[in-house]
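Enquirer: Listed below, chain by chain, are the residues.
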Amino acid sequence: MDKENLFEFAAFDKLESEHIAAPRYSYWKSVWRTFFKSKFTVAVSIVMIALVLFALIQPLTSGYDPTVAPNINDASKKFLSPSSEQLFGTDNIGNSVFDAVWAGARNSIIVSFVSTAINMLIGVLVGALWGFSKKMDKWMIEVYNVIANIPFLLLAMILSYVLGAGMRSLIITMTCTSWIYVAYFIRTQVMIIRDREYNLASKCLGTGTGTIITKNILPYLVSVIMTYISREIPNIISYEVFLSYLGLGLGTTNASLGRMISMYTSFMSGYPHLFWIPVSVVALIAISLYIVGQKLADATDPRTHM
Amino acid sequence: MSSNKQDREVIISIKHVDISFDVGQKKKFVAVKDANFDIYKGETFALVGESGSGKTTLGRAILRINPCSAGEIQFEGKRISGKISHAEDREVVRNIQMIFQDPAASLNERATIEYCVSEGLYNFHLYDNEEDRIAKVDKALQDVGLLPEHKSRYPHEFSGGQRQRVGIARAMIMNPKFIVADEPISALDVSIRAQVLNLMNKLKAERNLTYLFIAHDLSVVRFIADRIAVIHHGEIVEIAESETLFKFPLHPYTISLLSTVPMPDPIVERTRKHIDYDPSVLDQSGEKREMREIRPGHFIFATSKEMKEYEEKIARKERELGVNR
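Taken in order, these protein sequences are the chains called A and B. So the first sequence is numbered by our numbering: it starts at 98 and just counts up by one. So the second sequence is numbered by our numbering: it starts at 48 and just counts up by one.
Some hints could be false.
Unchecked claim - Result set (DSSO-like, lysine-lysine): computed pairs, CA atoms no more than 30 Å apart in a straight line:
| id | chain 1 | residue 1 | chain 2 | residue 2 |
| --- | --- | --- | --- | --- |
| 1 | A | Lys235 | B | Lys130 |
| 2 | B | Lys249 | A | Lys111 |
| 3 | A | Lys232 | B | Lys249 |
| 4 | B | Lys198 | A | Lys134 |
| 5 | B | Lys130 | B | Lys80 |
| 6 | B | Lys198 | A | Lys111 |
| 7 | A | Lys231 | B | Lys249 |
| 8 | A | Lys232 | B | Lys74 |
| 9 | B | Lys125 | B | Lys251 |
By construction, these hints were calculated from the structure, which means they are not laboratory data.
Based on the provided sequences and hints, a complete structural model is requested.
Expert: Below is the structure:
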């Protein structure tokens, strides 16, 4: 064969070079893939889900009521140590600590989830507009200065006297000023990405402010919002415990981990389990919620998707 | 050369435009001073100047992003600067589009290409139904040499040149009449600059577009522009047709700018000398400078004394080159 025939021109397709060989990217699929990649995260998530579900369901079956004490006159049923019959033992009035702890945990979880949802909803909505509008920023910053300077404990005390103790008043206490901190945080985040060029490009294409916020800005904030939620939920749980400990929280008619801890503190030396069990349950719930939230926040950051 | 100037249709008219920004209380930074020129339908008008000279600011003023502090901008004879009605504003957005400098920064990383390209269609409801919208997006992507299968991809999956073409596609899908291209190739790899420029030229011919091409790279401008305006510290110092400007540069700043263009011939390049711009050679008498037409279509920002010098200079150059204009 002569040299001329050894090679021939291959057909050249210009569009062929435009193909992208990489597999398709999907944001939420990548979030879950990153999240479930770590065994530790999966284990903590299982613990967290188990704790939350158990706390929500167990009190419904036990029907624990802190105002009822059927064994108060039976000395043989008081201050029992944890055993196979009474898993966490019994307290000074002969009630099951196991039932009391989960009933308290249930109230804490409900208060913290509802309050966080309200705070985030109002905070993100107001914060997004606040960060976007320079006019709104002028007066909102003054509103923030006023509200942020109200001492939280004072507010909690006044509200608990005015509204009375209970679940609803505690949720109002937790949300009536806290949303503005969320709003302020979101405002700062929005301001950081508000002036990026792609928003200008959207404006040039005639996109309105509302669409720019929902399509261009909030998707970038998923990860920081998740981080905030992961701090907010355990925070409110500990605040509930703290306020109930001071007698400002859920009151005497609702089961409460905080009130249990404050009541049982006096038995610290004789029956330390009465104190340490509710404290450990609070810690376990708060820490597992925090870790799962943080891991989810990490997974929602697309920089971890590679 | 510009004898047919009178019968050419003006699409954008910049009339004594000043653009200033407030810096602190009562302090003002004037980014553009007394800009005054027309852009004709179907041409590529280039605005050239160094960083911070106000070229992007002026381009953005046409898009109504930066407000003018004096003067006015007209589009097809109608004023589009200052306060205009909502309907007029929508009309301006529809007809004047922008191609951005940095294709990575100007695309929403969290949106698919389909959304990026459809954004304008959604805003003006320029489609009959979903199928029509998808057909339009496919067509727009194919027009810029991309594939319909790219619709579900995200911007970070593309190369720089591809991303810039997505940016062009989303501007073109609106069927604009006028496009402000703000340094569309300066963020791109040298090997794909020509590809994007050729695409822009192809689209311009197909759709009878007019470009305002903002650039700092004169060799690129010579390739793409019909007329060039040189801007320095917010003042437009010289406007001429491309070849005229390269043959008969008059203003010392233009000459300095031209001396920075690298030559592709290594022997010539070795002898190329950079000429520094020295404003002290200008007339210091304090007479107010204005735009004067030294030859048909060739404008220069000068005092009457400078004008005489420029007149001598251009006449000498014309004799040298044996051109009679």
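Enquirer: Is the straight-line distance between the alpha-carbon of A/Lys235 and that of B/Lys130 30 Å or less?
Expert: Roughly 23 Å between the alpha carbons, so the hint for A/Lys235 and B/Lys130 holds.
Enquirer: Compare the distance between the alpha carbons of B/Lys125 and B/Lys251 with 30 Å, and conclude whether the hinted pair is satisfied.
Expert: Distance ~23 Å between B/Lys125 and B/Lys251 Cα, so the pair holds.
Enquirer: Given the hinted pair A/Lys232 and B/Lys74, is their Cα-Cα distance within 30 Å?
Expert: Satisfied, since the Cα-Cα distance of roughly 21 Å is no more than 30 Å.
Enquirer: Does the structure keep B/Lys198 and A/Lys111 at a Cα separation of 30 Å or less?
Expert: Holds, because 19 Å separates the two Cα atoms, which is no more than 30 Å.
Enquirer: Hint check: B/Lys249 vs A/Lys111, CA-CA at most 30 Å. Holds or violated?
Expert: With Cα atoms ~17 Å apart, B/Lys249 and A/Lys111 stay inside 30 Å; holds.
Enquirer: When you check the alpha-carbon spacing of A/Lys232 and B/Lys249, does it fall within 30 Å?
Expert: 44 Å, violated
Enquirer: Run the distance test for A/Lys231 versus B/Lys249: straight-line Cα separation, threshold 30 Å.
Expert: 42 Å, violated
Enquirer: Are B/Lys130 and B/Lys80 close enough, with their CA atoms no more than 30 Å apart?
Expert: Judged against 30 Å, a Cα distance of about 21 Å means the pair holds.
Enquirer: Hinted pair, alpha-carbon criterion (30 Å max): B/Lys198, A/Lys134. Please report holds or violated.
Expert: 29 Å, holds
In this structure, the earlier hints numbered 3 and 7 are contradicted, and the remaining ones agree with it.
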